[in-house]
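2 protein chains.
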Amino acid sequence: MNRYSKQTRLLVAIDCIIFGFDGNEMKILLVQRGMVPEKGKWSLMGGFVQPDESLEEAAARTLNELTGLGNVYMEQLHTFGMPERDPIERTVSVTYFALLDLAKYKVQLSSEFQAEWFPLKKFPRLIFDHSEMVQAARDRLKYKASLHPILFELLPEKFTIPQLQSLFEDVYQASFDKRNFNRKIISTGLLIKQSEKDRINSRKGAFFFKLDKKTYRENFHSILRMIPNPNDSI
Amino acid sequence: MNRYSKQTRLLVAIDCIIFGFDGNEMKILLVQRGMVPEKGKWSLMGGFVQPDESLEEAAARTLNELTGLGNVYMEQLHTFGMPERDPIERTVSVTYFALLDLAKYKVQLSSEFQAEWFPLKKFPRLIFDHSEMVQAARDRLKYKASLHPILFELLPEKFTIPQLQSLFEDVYQASFDKRNFNRKIISTGLLIKQSEKDRINSRKGAFFFKLDKKTYRENFHSILRMIPNPNDSI
Chain C
5 MNRYSKQTRL
15 LVAIDCIIFG
25 FDGNEMKILL
35 VQRGMVPEKG
45 KWSLMGGFVQ
55 PDESLEEAAA
65 RTLNELTGLG
75 NVYMEQLHTF
85 GMPERDPIER
95 TVSVTYFALL
105 DLAKYKVQLS
115 SEFQAEWFPL
125 KKFPRLIFDH
135 SEMVQAARDR
145 LKYKASLHPI
155 LFELLPEKFT
165 IPQLQSLFED
175 VYQASFDKRN
185 FNRKIISTGL
195 LIKQSEKDRI
205 NSRKGAFFFK
215 LDKKTYRENF
225 HSILRMIPNP
235 NDSI
Chain S
5 MNRYSKQTRL
15 LVAIDCIIFG
25 FDGNEMKILL
35 VQRGMVPEKG
45 KWSLMGGFVQ
55 PDESLEEAAA
65 RTLNELTGLG
75 NVYMEQLHTF
85 GMPERDPIER
95 TVSVTYFALL
105 DLAKYKVQLS
115 SEFQAEWFPL
125 KKFPRLIFDH
135 SEMVQAARDR
145 LKYKASLHPI
155 LFELLPEKFT
165 IPQLQSLFED
175 VYQASFDKRN
185 FNRKIISTGL
195 LIKQSEKDRI
205 NSRKGAFFFK
215 LDKKTYRENF
225 HSILRMIPNP
235 NDSI
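Chains as they are written, first to last, in our numbering: chain C, 5 to 238; chain S, 5 to 238.
Treat the hints with caution; some may be incorrect.
Said to hold, decoys possible - Lysine-lysine pairs mimicking BS3-like chemistry, simulated, CA-CA at most 30 angstroms apart:
(1) K214/S with K197/S
(2) K197/S with K188/C
(3) K218/S with K188/C
(4) K148/S with K148/C
(5) K148/C with K197/S
(6) K10/C with K10/S
(7) K146/C with K162/C
Unchecked claim - Partial pick of chain C residues on the chain S-facing surface, computed with a CB cut under 7 angstroms:
(8) R7
(9) Y8
(10) L14
(11) L59
(12) G72
(13) G74
(14) P91
(15) E93
To be verified - Pulled from the structure, derived: some chain S residues nowhere near chain C, Cβ distances all over 10 angstroms:
(16) N28
(17) P55
(18) F117
(19) N205
FYI, nobody ran anything at the bench for these hints, they're computed from the structure. Don't be surprised by glycine CBs; every beta carbon is placed ideally from N, CA and C.
Given only the sequences and the hints, what does the whole structure look like? Please build it.
Right, dumping it as structure tokens:
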């Protein structure tokens, strides 16, 4: 008999927050929950951790079972453990999140799954504390984006400034003045103007730009001046 | 009968990583473990989550029971869940960390507890995966320090550049050339030189500086140029 045997064991679940950028807006992947309580309601992709799998393995398996997606690199986010968060039984949930380039992943979502992409600007009400999980993932994304080139990794090789502005606005949950955004992003010296214009999304057309990757890697801090102070959301 | 009832419940623990800065070096708080396995070995402050408490409450209670420290703001770090991490029984551990100004907290550590501060440069071998937890906390600290004024919050109102260099070296696990560090930190424009010198730690003496808090808040990015690229450690 040791101190372990007197303890209460708890259900441990994982929930996955999957964001995607489709070139124009940020999206979130949701599923219709397949079990009671709240059956049929929209939810993050979640499931229980099995006795012999690590948390990462549980996250990968759950995402695959519910959406068909495989080989998605997910990062652990935060563990939610309020005693009443699941009305059936206390469940501690470890969350994982990923940010996908939808151009690469869209094909894998088959109709046999009840999963669907929604705009991050407007998605259905979620069960339990799942909205709080989504907000935590948005906050982490803002934070990471201020130190990593992740936002640029989502853009196609050639992109327009309106496209970049839309991505920044979705990530920072802010709206930027068009002329100011234009001026500031040009002044970072990180973009290389192309001679071609995108004429699909506006009649006047918008020049394409490429990221100067070398300069970006050496001087990624200059992008910080573009964004709201990340301290505000932590 | 629902899908919940078929699941395996797991032990859920919390472990606390407490760093402190005493004006000269970074320290870590450890306890001698009071139960088998590994009884008597050095360990982080840990315990099991009880049925009715949140994870934050479990962390605060555990820290208080093992060290006497109260009112410590701890931040959730990462959840460790490898099936074999605890040899007695699978235990998922949610870690919390804090960075204390030791000048404020030292008094509370009474001798009735088996807790002790060790230099972060050299501390005893820890049980289980606790060294990995400490490394995760160090990485988070580096990351946060690049976006937040937390390092300056640890320094006394007046500090010397050697003191600041020692703090940076402990946090970034790097050693900086003294003259370069001096030049770079002065060039940030964030420090205000005082007329007094600290003559305790060297015969020649080192001028005291104060942080220009207003400039720091407006221009905290300039400190980024001082530090190794945080991408490297993520």
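A quick look at each hint next to the structure:
no. : hint               : verdict
1   : K214/S with K197/S : holds, 7 angstroms
2   : K197/S with K188/C : violated, 34 angstroms
3   : K218/S with K188/C : holds, 23 angstroms
4   : K148/S with K148/C : holds, 11 angstroms
5   : K148/C with K197/S : violated, 34 angstroms
6   : K10/C with K10/S   : holds, 22 angstroms
7   : K146/C with K162/C : holds, 23 angstroms
8   : R7                 : holds, 5 angstroms
9   : Y8                 : holds, 5 angstroms
10  : L14                : holds, 5 angstroms
11  : L59                : holds, 4 angstroms
12  : G72                : violated, 21 angstroms
13  : G74                : violated, 21 angstroms
14  : P91                : violated, 11 angstroms
15  : E93                : holds, 5 angstroms
16  : N28                : holds, 27 angstroms
17  : P55                : violated, 5 angstroms
18  : F117               : holds, 18 angstroms
19  : N205               : holds, 32 angstroms
Hints 2, 5, 12, 13, 14, 17 from the list above are not met by this structure, while the remaining hints are.
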